[in-house]
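Produce the complete structure using the sequences and hints provided.
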Amino acid sequence: VNRKQKVLYNLFDWPSRACAKLVVIAIANTMDLPERLLPRVHSRLGMSRVVFKSYSREQLEEIVKARLGNIPLFKDEAVEFCARRVAALHGDVRRALQVCRRAAEIWEQEGKETNILLKHIKRADEELRDELHNKRIQVASWNEKLTLIAAYKVSKSVGKDIFSFEDLFFKFQQLRKTYFFQRKGSICEKRILSICRRLGRIRLFTLFKVDLADRRPKIRLALDPDEIPFILKNEMEFGPVLGISQVT
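In this note's numbering, the protein residues as written are 1 to 248.
Hints are not guaranteed to be accurate.
Stated by the list, open to error - List time: in silico DSS-like cross-link candidates among lysine-lysine, alpha-carbon distance up to 27 Å:
# : residue 1 : residue 2
1 : K177      : K160
2 : K233      : K177
3 : K160      : K218
As the list claims (entries may be wrong) - Label pairs and their computed distance ranges (CB to CB):
#  : residue 1 : residue 2 : range
4  : K21       : G185      : 50 to 60 Å
5  : K184      : K112      : 53 to 63 Å
6  : E58       : W14       : 36 to 46 Å
7  : N234      : I63       : 35 to 45 Å
8  : S54       : F230      : 19 to 29 Å
9  : K6        : Q109      : 51 to 61 Å
10 : A28       : E108      : 31 to 41 Å
11 : K209      : N134      : 22 to 32 Å
12 : V7        : D130      : 34 to 44 Å
13 : S141      : A66       : 34 to 44 Å
Think of the hints as simulated: they come from the structure by calculation, not from any bench.
The beta carbon of each residue, even a glycine, is placed where N, CA and C say it ideally should be.
See the structure below:
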């Protein structure tokens, strides 16, 4: 896709032409894809949207058991726990299967148990979650890292899992002015909103649309808030804002 999004425009414009015998159905991982496109491309899209909800715990459990087939290795409580954990986070069946695969590897390495138990699933889930979050936060941009720190601060201050974009934006600006005032320029609300959407795409944020007319979402961290200072503890620049006086 180039900057002018010419290919997308031509594709979505095609069904509106005379004698066109074509229907275009677009599938996206985000609810706000039309709003991200250029206005001329957005104008070629229809207004109808079908929202596919994430898999529920019951659905995930059914899918995993179907994929396992007649393999009697996994205990029912282990599969149920895996489905519950994944459903609470994002409902991605690929993640559930990945956890089961890693649990099987752990079970094989230990070679002690007859079956794959709940403890194997818990260990696999923790390993994959920590590794994934660590990698994604480490490669994040400076502003994305500060946004995560702001989210950590807000979640601790409000004492709730879900908080408003307005609270996050205010905390980001406050931290930037207090601890990083030497940095020139300012970051507008639109830029932070874009960062939040990217963090949502890489599964560090979960964004909730309260009102389709309002483009500012509610936000929930998709990881344990305490993981953020732990992962960033060795980055000296963020030490003061995280309350880390000395890095060892």
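Each hint tested on the structure:
1. K177 / K160: holds (25 Å)
2. K233 / K177: The given pair, whose Cα atoms are some 21 Å apart, holds under the 27 Å limit.
3. K160 / K218: holds (12 Å)
4. K21 / G185: 50 to 60 Å: holds (51 Å)
5. K184 / K112: 53 to 63 Å: holds (59 Å)
6. E58 / W14: 36 to 46 Å: Holds, at about 40 Å.
7. N234 / I63: 35 to 45 Å: holds (39 Å)
8. S54 / F230: 19 to 29 Å: Given a distance of about 27 Å, which is inside 19 to 29 Å, the answer is holds.
9. K6 / Q109: 51 to 61 Å: This hint holds: roughly 52 Å between Cβ atoms.
10. A28 / E108: 31 to 41 Å: holds (38 Å)
11. K209 / N134: 22 to 32 Å: holds (29 Å)
12. V7 / D130: 34 to 44 Å: holds (40 Å)
13. S141 / A66: 34 to 44 Å: holds (40 Å)
When the structure is compared with the earlier hints, no violation turns up for any of them.
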